[in-house]
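Here is how the chains run, residue by residue.
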Amino acid sequence: MRRPGPQLLIGAGLVLILVAMSILPGLFAGSPDAVVVTRRLEAPSAEFWFGTDETGRDVYARVVHGAGSTLGVVAAAVAVAGLLGGGLGALAGFAGRLPDRALSRAADALLAFPPIILGVVLASTLGPGARNLILALAIIYVPVFFRVARAAALMEAGRAYVEAARTIGFGEWAVLTRHVARNVAPVVVQQCIILFPLALQIQAALGFLGLGVPPPTPDWGASLQESRNYLTVAPWLAIFPGIALLLAAAATSLLGRALEDRDA
Amino acid sequence: MIEAISRRIGGTLVTAILATGVVFLLIRAVPGDAIGEMLGQSAGDPAAEAALRAFFGLDQPIWSQYLSWAGNVLRGDLGTSMRQGLPVWGIILDAFLVTLQLGLVTLLVAIVVGVPLGLLAGARPGSLVDLLVEGFTLLSLSSPVFWTGMVLLILADAWLGWSPPLVYTPPGISLAENLESTLLPVLALGFLQAGAYAQFTRQQSVALLRQDFVRAARARGLPARVIFGRHVLRNIAVPLVTYAGLILVQILGGVVVVETLFAIPGLGRTLLAAIQGRDYPVLQGALLLTVIVALLVNLVIDLAYALIDPRMRGA
Numbered sequence: 005m006r007r008p009g010p011q012l013l014i015g016a017g018l019v020l021i022l023v024a025m026s027i028l029p030g031l032f033a034g035s036p037d038a039v040v041v042t043r044r045l046e047a048p049s050a051e052f053w054f055g056t057d058e059t060g061r062d063v064y065a066r067v068v069h070g071a072g073s074t075l076g077v078v079a080a081a082v083a084v085a086g087l088l089g090g091g092l093g094a095l096a097g098f099a100g101r102l103p104d105r106a107l108s109r110a111a112d113a114l115l116a117f118p119p120i121i122l123g124v125v126l127a128s129t130l131g132p133g134a135r136n137l138i139l140a141l142a143i144i145y146v147p148v149f150f151r152v153a154r155a156a157a158l159m160e161a162g163r164a165y166v167e168a169a170r171t172i173g174f175g176e177w178a179v180l181t182r183h184v185a186r187n188v189a190p191v192v193v194q195q196c197i198i199l200f201p202l203a204l205q206i207q208a209a210l211g212f213l214g215l216g217v218p219p220p221t222p223d224w225g226a227s228l229q230e231s232r233n234y235l236t237v238a239p240w241l242a243i244f245p246g247i248a249l250l251l252a253a254a255a256t257s258l259l260g261r262a263l264e265d266r267d268a
Numbered sequence: 085m086i087e088a089i090s091r092r093i094g095g096t097l098v099t100a101i102l103a104t105g106v107v108f109l110l111i112r113a114v115p116g117d118a119i120g121e122m123l124g125q126s127a128g129d130p131a132a133e134a135a136l137r138a139f140f141g142l143d144q145p146i147w148s149q150y151l152s153w154a155g156n157v158l159r160g161d162l163g164t165s166m167r168q169g170l171p172v173w174g175i176i177l178d179a180f181l182v183t184l185q186l187g188l189v190t191l192l193v194a195i196v197v198g199v200p201l202g203l204l205a206g207a208r209p210g211s212l213v214d215l216l217v218e219g220f221t222l223l224s225l226s227s228p229v230f231w232t233g234m235v236l237l238i239l240a241d242a243w244l245g246w247s248p249p250l251v252y253t254p255p256g257i258s259l260a261e262n263l264e265s266t267l268l269p270v271l272a273l274g275f276l277q278a279g280a281y282a283q284f285t286r287q288q289s290v291a292l293l294r295q296d297f298v299r300a301a302r303a304r305g306l307p308a309r310v311i312f313g314r315h316v317l318r319n320i321a322v323p324l325v326t327y328a329g330l331i332l333v334q335i336l337g338g339v340v341v342v343e344t345l346f347a348i349p350g351l352g353r354t355l356l357a358a359i360q361g362r363d364y365p366v367l368q369g370a371l372l373l374t375v376i377v378a379l380l381v382n383l384v385i386d387l388a389y390a391l392i393d394p395r396m397r398g399a
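As you go down the protein sequences, you meet chains Y and P in turn.
To convert, count from 1 in the first sequence and add 4; that's this note's numbering.
To convert, count from 1 in the second sequence and add 84; that's this note's numbering.
Hints are computed from structural coordinates only; laboratory data are not their basis.
All C-beta atoms in this analysis are idealised placements derived from N, C-alpha and C, irrespective of residue type, glycine included.
Heads up, some of the hints might be wrong.
Claimed, not checked - If you only want the chain Y side, here are some residues facing chain P, beta carbon under 10 Å, derived:
#, residue
1, 102
2, 115
3, 119
4, 122
5, 130
6, 183
7, 212
8, 257
Unchecked claim - Sample of chain P residues with no beta-carbon within 10 Å of chain Y, all distances over it, derived:
#, residue
9, 86
10, 140
11, 154
12, 234
13, 263
14, 292
15, 305
16, 378
Model the full assembly from the supplied sequences, consistent with the hints where possible.
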């Protein structure tokens with residue numbers, strides 16, 4: 005096993021900064037909507053670190069304020085998917101038989117779609133807005149959580165403590181919620197961290213396709229879409245939101261890798 | 085063996101049928117349909133609207149629409165595009181071939197770059213090379229693939245003063261122009277998938293190095309190079325080949341954004357246009373094709389494992 009030290013430190017440090025940015029963007033930058041009409045499409049300078057966009061807004065401020073809406077949506081989606089998929093998976097793995105077979109089939113049917121395509125269909129079905137985007141992203145990952153939690157619950161269901169709990173008179177529901185669920189939960193939480201960077205990629209792609217949160221909310225994927233028409237004139241519009249996405253994804257995958265290494 | 089295979093194929097079929105049902109329900113839940121737009125001037129005329137709806141069968145209940153669609157599909161008829169008036173099969177087949185070309189070339193790039201990197205890193209876990217390769221995989225897997233494409237566009241313009249033609253040319257018309265229009269998308273997709281391949285290769289070889297037979301070979305005093313070449317590489321070959329199938333499915337799904345960025349008329353862009361235009365038959369056909377390809381690849385991988393490794397046959 006390799007030492008997880010630096011991986012974990014760098015990942016956790018970056019995540020802390022991103023969380024701080026998401027919660028208190030005002031500490032890091034001014035308003036993302038302030039427009040200086042005379043200073044459109046300016047290259048990065050001491051005054052505007054990341055340059056300005058086509059309407060004269062500060063790109064740095066938009067990237068900083070974009071953290072909250074971008075990462076918040078992904079975090080909420082992963083949490084909802086974890087709760088729903090984890091709960092159904094634990095139920096299916098523990099109960100077995102018909103509920104397990106029916107739920108597993110449904111999960112397989114959803115997993116048959118490439119995630120981004122499912123995301124495009126769901127986001128168009130549900131319509132624009134942060135809440136619908138969260139829901140669309142969550143549905144993509146429910147079957148993944150379902151599989152992980154089902155496997156864990158299946159293993160737990162055969163353990164001696166389950167039989168012991170039954171023997172001393174606990175009902176099936178109580179065994180599931182009080183005993184099995186507690187042992188499945190850590191697996192689900194770990195899966196949340198592993199899936200976060202993947203869900204972030206889908207969120208960014210949907211924003212890029214114009215299916216994310218509607219403007220003028222600062223969102224990294226949407227900023228990248230807006231930058232397309234100025235790629236060669238004002239490359240900084242595309243570079244910085246992309247680096248933000250890259251750093252957020254890298255930070256969370258470092259955390260995920262450190263967790264996986266610990267288990268190995 | 086035969087029983088296990090037929091059970092597996094049966095399961096795949098059930099999944100495909102379920103998945104298409106899900107799609108059918110979902111896309112009919114998308115607000116609005118193509119009818120309003122088609123009517124143009126006569127929009128708001130209920131008689132014209134009802135007539136068009138009846139023409140496309142949209143006045144039927146959903147379950148009966150699904151049954152008649154499924155029946156036609158089984159007879160090999162995917163219907164007619166509501167927008168273009170052309171057979172869906174032709175539209176999505178053309179688009180699929182474009183995407184398939186993109187996917188296969190990308191796969192080649194991913195293997196040629198990713199496998200050697202993964203083997204280099206996996207041969208000596210914890211070494212400097214391993215660290216560098218890990219940095220590469222982290223960078224490639226964390227970069228949004230369309231952003232990689234944008235950076236490539238920026239760099240090509242800044243360094244070479246070159247930008248790709250925004251019109252796609254099929255390889256049959258001009259191979260050179262085809263390469264020109266697909267070069268950057270392949271590089272962007274290849275950068276991502278090479279990272280995935282390198283990571284997988286490394287994981288596999290590190291896991292193998294921990295096995296008892298490797299320890300036994302070491303105890304017999306075999307040099308590290310022989311152990312790696314004879315024991316590790318041989319065992320790694322099968323998972324590496326099957327991984328190609330998984331990566332191909334990933335590429336076919338992931339091209340939606342790249343095709344949009346580079347204006348390539350592949351399956352992803354066709355799908356997106358069909359969603360935006362509420363062209364149900366095209367959308368259903370394109371999704372069906374995507375799902376079937378994904379399921380088939382998974383099926384082939386499982387069967388290949390069963391053929392190669394007798395222990396997997398019961399599973």
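Cross-check of the supplied hints:
1. 102: Hint violated; residue 102 of chain Y Cβ to chain P Cβ min 15 Å, cut 10 Å.
2. 115: holds, 9 Å
3. 119: Hint on residue 119 of chain Y: holds, closest Cβ of chain P at ~7 Å, below 10 Å.
4. 122: For residue 122 of chain Y, the interface hint holds, since the closest Cβ of chain P sits about 9 Å away, which is under 10 Å.
5. 130: Given a least distance of 9 Å, the restraint on residue 130 of chain Y holds.
6. 183: At 29 Å from the nearest chain P Cβ, residue 183 of chain Y fails the 10 Å test, so the hint is violated.
7. 212: With Cβ-Cβ at 5 Å, under 10 Å, it holds.
8. 257: holds, 6 Å
9. 86: Fine: 22 Å to the nearest Cβ keeps residue 86 of chain P off the interface.
10. 140: holds, 19 Å
11. 154: The assertion about residue 154 of chain P holds, with a minimum of 15 Å to chain Y.
12. 234: Contrary to the label, residue 234 of chain P does not stay out of reach of chain Y, its closest Cβ about 5 Å off (not over 10 Å).
13. 263: holds, 22 Å
14. 292: holds, 14 Å
15. 305: Its Cβ never comes within 10 Å of chain Y, the nearest being 26 Å, so this holds.
16. 378: Given a closest Cβ separation of 6 Å, the condition is violated.
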